[in-house]
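For the sequence shown, position 64 (counting from the first letter as 1) is numbered 64 according to UniProt numbering, and the numbering increases by one without interruption.
Note that these hints are calculated values from the structure, not bench results.
Errors might be hidden in some of the hints.
[As the list claims (entries may be wrong)] Each pair of labels, with its calculated beta carbon distance range: (1) Lys507 with Asp430: 27 to 35 Å; (2) Ala441 with His354: 40 to 48 Å; (3) Leu528 with Arg178: 24 to 32 Å; (4) Glu179 with Ile119: 45 to 53 Å; (5) Thr449 with Asp343: 24 to 32 Å; (6) Leu49 with Lys401: 32 to 40 Å; (7) Ser7 with Ile39: 38 to 46 Å; (8) Asp366 with Ser504: 55 to 63 Å; (9) Gln58 with Ser504: 30 to 38 Å; (10) Arg230 with Arg315: 51 to 59 Å; (11) Thr297 with Thr80: 20 to 28 Å; (12) Asp424 with Lys401: 36 to 44 Å.
Cβ coordinates follow ideal geometry from the N, Cα and C atoms, glycine included.
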Amino acid sequence: MQQKRPSLPYEIDGMVVKVNSLAQQRELGFISRAPRWAIAHKFPAEEALTIVEAIDVQIGRTGAVTPVARLQPVFVGGVTVTNATLHNQDEVSRKDVRVGDTVVVRRAGDVIPEVVRVIFERRPMQETAVSNVSDGLKYQQDDLFAETPSTNQTQSVPLHKPYRLPTHCPICRSEIEREEGEAVARCSGGMLCQAQRAQGLIHFASRKAMDIDGLGQKQIEQLVAQDLVRHFADLYRLDIPTLQKMKETADKVSSENENGDAETVSDDLSELNTQNGKKQPTKWAENILAGIEASKTPELTRFLFALGIRHVGERTAKTLAQAFGSLEHVRRAPEPILACLPDIGTVVARSIAHFFAQDAQQAMIDELLAAGVAPQTQAVTIPPARHAEPQRWIARLPGFKISENKAQALWELAGKSIEGLQTDKALPADWQTWRSETQNAALLENLKTFFAQTSSENQEATVSDDLNEAVAGKTFVLTGTLPTLKRDQAQALIEAAGGKVSGSVSKKTDYVVAGEAAGSKLEKANALGVAVLSEEELLTMLD
Numbered sequence: 001m002q003q004k005r006p007s008l009p010y011e012i013d014g015m016v017v018k019v020n021s022l023a024q025q026r027e028l029g030f031i032s033r034a035p036r037w038a039i040a041h042k043f044p045a046e047e048a049l050t051i052v053e054a055i056d057v058q059i060g061r062t063g064a065v066t067p068v069a070r071l072q073p074v075f076v077g078g079v080t081v082t083n084a085t086l087h088n089q090d091e092v093s094r095k096d097v098r099v100g101d102t103v104v105v106r107r108a109g110d111v112i113p114e115v116v117r118v119i120f121e122r123r124p125m126q127e128t129a130v131s132n133v134s135d136g137l138k139y140q141q142d143d144l145f146a147e148t149p150s151t152n153q154t155q156s157v158p159l160h161k162p163y164r165l166p167t168h169c170p171i172c173r174s175e176i177e178r179e180e181g182e183a184v185a186r187c188s189g190g191m192l193c194q195a196q197r198a199q200g201l202i203h204f205a206s207r208k209a210m211d212i213d214g215l216g217q218k219q220i221e222q223l224v225a226q227d228l229v230r231h232f233a234d235l236y237r238l239d240i241p242t243l244q245k246m247k248e249t250a251d252k253v254s255s256e257n258e259n260g261d262a263e264t265v266s267d268d269l270s271e272l273n274t275q276n277g278k279k280q281p282t283k284w285a286e287n288i289l290a291g292i293e294a295s296k297t298p299e300l301t302r303f304l305f306a307l308g309i310r311h312v313g314e315r316t317a318k319t320l321a322q323a324f325g326s327l328e329h330v331r332r333a334p335e336p337i338l339a340c341l342p343d344i345g346t347v348v349a350r351s352i353a354h355f356f357a358q359d360a361q362q363a364m365i366d367e368l369l370a371a372g373v374a375p376q377t378q379a380v381t382i383p384p385a386r387h388a389e390p391q392r393w394i395a396r397l398p399g400f401k402i403s404e405n406k407a408q409a410l411w412e413l414a415g416k417s418i419e420g421l422q423t424d425k426a427l428p429a430d431w432q433t434w435r436s437e438t439q440n441a442a443l444l445e446n447l448k449t450f451f452a453q454t455s456s457e458n459q460e461a462t463v464s465d466d467l468n469e470a471v472a473g474k475t476f477v478l479t480g481t482l483p484t485l486k487r488d489q490a491q492a493l494i495e496a497a498g499g500k501v502s503g504s505v506s507k508k509t510d511y512v513v514a515g516e517a518a519g520s521k522l523e524k525a526n527a528l529g530v531a532v533l534s535e536e537e538l539l540t541m542l543d
């Protein structure tokens with residue numbers, strides 16, 4: 001079958017081998033994960049040889065600098081591959097990929113092109129002279145009485161040097177920095193970098209973020225390249241004349257360079273410009289503006305995801321929305337409070353707090369609000385106790401190591417108030433040393449302000465009425481086919497009641513909801529002693 005794979009009229013990445021006899025199938029039966037009478041086999045990824053013509057870098061929306069191998073076109077796994085990611089400098093150095101190398105490429109998972117290895121025997125080499133002086137010195141060190149060689153010698157060395165990332169961004173010329181312990185180097189230019197600006201805007205407008213219908217990647221790239229859009233809020237200031245100007249410039253560049261990217265942009269816009277065979281002078285622009293207008297009242301989860309905060313994906317954005325209910329509460333939340341939330345550890349909490357601590361980011365959000373963007377508030381479905389209990393956030397204060405039990409004792413010594421933590425001179429010396437540092441004193445003040453504001457604004461009143469103590473704060477895992485509920489329906493019910501749905505079973509799992517043909521998750525739940533519920537038991541708990 002693997003030999004026939006290239007000639008098949010459809011793509012396959014593996015096969016399932018089954019016992020043909022139905023009687024034998026019934027006799028063999030099933031195990032929890034699969035039938036005993038069938039076995040799956042995934043084919044190894046197809047590989048091919050090609051040559052690295054160049055190594056460039058791409059700049060992502062967070063500034064990540066990714067080296068990319070530009071390859072001689074090669075047909076692999078049903079597609080022609082011309083580029084392959086090299087991930088980062090460590091990966092390039094480990095594989096020692098250089099310009100001119102013959103490399104083995106494949107599509108990882110039959111999707112993403114990658115360089116597997118270098119064929120070193122085919123590396124282009126050159127002859128280079130070896131200096132008499134240096135050779136003579138070495139010769140004399142080995143044998144003081146030997147004669148120094150009198151003829152030049154040559155040695156074969158690689159034609160191209162090992163690849164190193166540039167020290168400055170090729171787009172904005174800002175320094176490229178790599179933090180200690182990080183595999184990825186980043187451009188330090190931020191939104192001053194055109195590449196980061198374009199990628200950030202593409203992410204902002206994407207389907208899972210603000211979902212701006214009609215505004216695609218190529219249009220955004222042109223708006224940025226022509227300096228018509230610099231910030232998120234600029235999208236909401238666009239008008240028909242500006243969009244027409246973008247198209248006219250794209251058309252002009254297209255006519256000057258028939259093979260350029262601008263031709264693709266122009267073609268895309270020309271398609272938008274025609275409807276039912278009739279010319280629509282501004283209909284395409286009106287559609288884009290309508291999509292922008294329709295995006296002004298996003299769900300809070302979508303808005304937070306759209307901001308492009310480092311380490312904040314869809315799930316984390318959803319957690320923030322469920323915990324705080326409004327943008328104002330999220331943007332004021334101190335780091336220790338964030339670190340108490342489910343699945344948000346120290347690194348992610350620090351990243352979120354750092355984002356909102358920057359004046360430029362707060363100004364960017366204010367500009368969006370002034371432009372008419374109004375993220376929806378929502379009911380709080382993660383109980384405030386998960387992140388408001390003093391022993392929890394005290395134990396997560398940066399630079400102060402303390403267990404939750406000792407944090408509770410410290411809280412009681414301070415009279416159960418932040419003011420006490422700030423001023424009480426009878427508290428332990430290590431605490432007094434910590435709070436004496438300027439940034440820590442400021443953090444305590446921020447915590448006091450945060451709790452005062454959220455209390456005065458009656459955040460508790462926004463807590464969902466659907467929360468129940470049996471479900472709130474608990475972690476569920478769904479497995480198998482439930483009798484009446486689809487999996488997304490069950491997940492929505494659990495989350496509305498304040499629970500969380502995870503994709504894997506661990507010691508931290510509270511319940512596994514098992515349906516028909518439950519698989520390995522049920523086995524693991526039994527092994528770990530995790531409570532197993534039927535759909536009926538889940539619905540009773542939710543009632």
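Verdict for Ala441, His354 (Cβ pair) under range 40 to 48 Å: violated (19 Å)
Distance restraint hint 24 to 32 Å, applied to the beta-carbon atoms of Thr449 and Asp343: holds (26 Å)
Supplied distance hint 36 to 44 Å, evaluated on CB atoms of Asp424 and Lys401: violated (20 Å)
Ser504 and Gln58 - C-beta distance against the hinted 30 to 38 Å: holds (32 Å)
Consistency of beta-carbon spacing, Ile39 to Ser7, with hint 38 to 46 Å: At roughly 24 Å between Cβ atoms, Ile39 and Ser7 fall outside 38 to 46 Å, so the hint is violated.
Satisfaction of the hinted span 27 to 35 Å by the C-beta atoms belonging to Lys507 and Asp430: This hint holds: roughly 32 Å between Cβ atoms.
CB-CB spacing for Arg178 and Leu528 relative to the 24 to 32 Å hint: violated (40 Å)
Satisfaction of the hinted span 45 to 53 Å by the C-beta atoms belonging to Glu179 and Ile119: violated (34 Å)
Outcome of range test on Cβ distance (Thr297, Thr80; 20 to 28 Å): violated (43 Å)
Distance restraint hint 32 to 40 Å, applied to the beta-carbon atoms of Leu49 and Lys401: violated (54 Å)
Status of the given 51 to 59 Å range, CB of Arg315 versus CB of Arg230: For Arg315 against Arg230, whose Cβ atoms are near 30 Å apart, the range 51 to 59 Å is violated.
Range hint compliance [Cβ, Asp366 to Ser504, 55 to 63 Å]: violated (40 Å)
In terms of the numbered hints stated before, the structure departs from hints 2, 3, 4, 6, 7, 8, 10, 11 and 12, listed from lowest to highest.
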